[in-house]
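Novice: Just so we're aligned, residue 1 is where the sequence shown starts under full-length UniProt numbering, counting upward by one.
Simulated restraints on C-beta separations:
1) Thr43 to Ala174: 42 to 50 Å
2) Ala27 to Ala105: 35 to 43 Å
3) Arg190 to Tyr80: 49 to 57 Å
4) Tyr80 to Gly184: 48 to 56 Å
5) Asp194 to Leu53: 48 to 56 Å
6) Thr43 to Lys164: 38 to 46 Å
7) Pro134 to Glu183: 39 to 47 Å
8) Ala86 to Lys176: 31 to 39 Å
9) Val209 to Ala174: 23 to 31 Å
10) Ala99 to Ser69: 38 to 46 Å
Keep in mind the hints are simulated off the structure, nothing from the lab. Note that the coordinates shown come from a computational prediction; the quantities given were computed from them, not determined experimentally. Beta carbons are placed, not taken as given, at the ideal position from N, Cα and C, and that holds for glycine.
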Amino acid sequence: MERDESRGARGEKLRSWVRMGRTRIEAEQAGARLDGYLARRFTYRSRTQWGRLIREGRLTVNGRAVRPSRRLRAGDRIDYVPRRRAEPPVDRLCPLLHADDWLVAVAKSGNLPMHPSGRYFRHTLLHALLDEHPEWAPLLIVHRLDRETSGVVVLGRTREATAKLAAQFRDRIAQKIYLALVEGRPAEDRFAIDLPLGRAGDSLVRKAV
1 MERDESRGAR GEKLRSWVRM GRTRIEAEQA GARLDGYLAR RFTYRSRTQW GRLIREGRLT
61 VNGRAVRPSR RLRAGDRIDY VPRRRAEPPV DRLCPLLHAD DWLVAVAKSG NLPMHPSGRY
121 FRHTLLHALL DEHPEWAPLL IVHRLDRETS GVVVLGRTRE ATAKLAAQFR DRIAQKIYLA
181 LVEGRPAEDR FAIDLPLGRA GDSLVRKAV
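Using the sequences and the accompanying hints, generate a full structural model.
Specialist: Written out as structure tokens, the structure reads:
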């Protein structure tokens, strides 16, 4: 019987850092060695290189560290564990506005990415919500707000609900209201601005009219 190398603190640490992208093993792939399967499917690395990553704990099967010689079984899940790098700090505040069997609505704070990308993996809205409410998995993104933008975000809990909600945003049935900071005191309470947005000073993120 194969020794389980993931029990204890090391296994918990690995499971907490598993990337969301996954590979499932089908029946016809059962019986293959893990390192051999990876080398045949993902040819940009050799079997030796894949074996090294497996021994380093960078790849897990069903959330557990294994050996390169591990024989795959139908239904096994292979996950990639990214290198642990310090992620930029974020504001994980996202008060719940509504939740049911179809959707979840939250108030996303500024300085919080929607999903993993670039330097952000766990410091995202998706991870914050699933850490707090694992029973909501999987959460599907309906629309996006930039990392720096705060506001209401809607996420689907089923593919059917997500498709219907996304159609409402695409067809502009869902109404959006944006609040902007105004410098000075406008002469009128209500007025239209028909000018393009541009960079605000030297900022690569902030926009201004």
